[in-house]
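Peer 1: Sequence:
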Amino acid sequence: MASEQHNFIVSAIARKIRQYGFRIIYLDGKYQDVDTKKFYIPPQIINHRPDVIGEKEGIFFCIGEAKTKNDLFNERTKNQIIDFFAIVRLNYRNRLIVGIPLNAKKDLENLLLELGLEHKRQIKVIYIPEELLPHEEEI
1 MASEQHNFIV SAIARKIRQY GFRIIYLDGK YQDVDTKKFY IPPQIINHRP DVIGEKEGIF
61 FCIGEAKTKN DLFNERTKNQ IIDFFAIVRL NYRNRLIVGI PLNAKKDLEN LLLELGLEHK
121 RQIKVIYIPE ELLPHEEEI
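With my numbering as the guide, the letters of the sequence shown map in order to residues 1 to 139.
These are calculated hints, taken from the structure and not from any lab test. Treat the hints loosely; a few may be bogus.
Claimed, not checked - Keeping only pairs whose Cα atoms sit at most 27 Å apart, straight-line, the calculated BS3-like set for lysine-lysine is:
#, residue 1, residue 2
1, K78, K124
2, K56, K16
3, K105, K16
4, K120, K106
5, K16, K120
6, K16, K69
7, K124, K69
8, K69, K120
9, K56, K124
10, K16, K124
11, K16, K78
12, K106, K124
13, K78, K105
14, K105, K124
15, K69, K105
16, K78, K106
17, K56, K106
18, K106, K16
19, K56, K120
20, K69, K56
21, K120, K78
Produce the entire structure from the sequences given, and follow the hints as far as they go.
Peer 2: Quick look at the structure:
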């Protein structure tokens, strides 16, 4: 089950996807905006299921993935980013949005550097200040 922090970050990613002009077509998690319909769970992309998928003009895609600080240190996260970027890179108007707590900024930068993806213009990062993230004991 996703944590409240994870769901909060997913909601921030969904809002950013909409700001980029994409229409959300799949979302896994609790979307915290009012008057929002229920979305289908995203399909698997290569070997992993992202948190959010948006589309634009039927041919461009935006994949969103939320990560907590601890998530950035596991092999699964590396493989997810590799899989998602393999699809995103097929068209220069596609995007991969990764949402993380601000205190994980350096960790994500190091991970992208390790994967050779540190300067990819199609990868956008949303940093959420820790003060805005729900604490798990508040559930």
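Peer 1: Out of the numbered hints, which ones does the structure contradict?
Peer 2: When the structure is compared with the hints, numbers 17 and 20 turn out to be violated.
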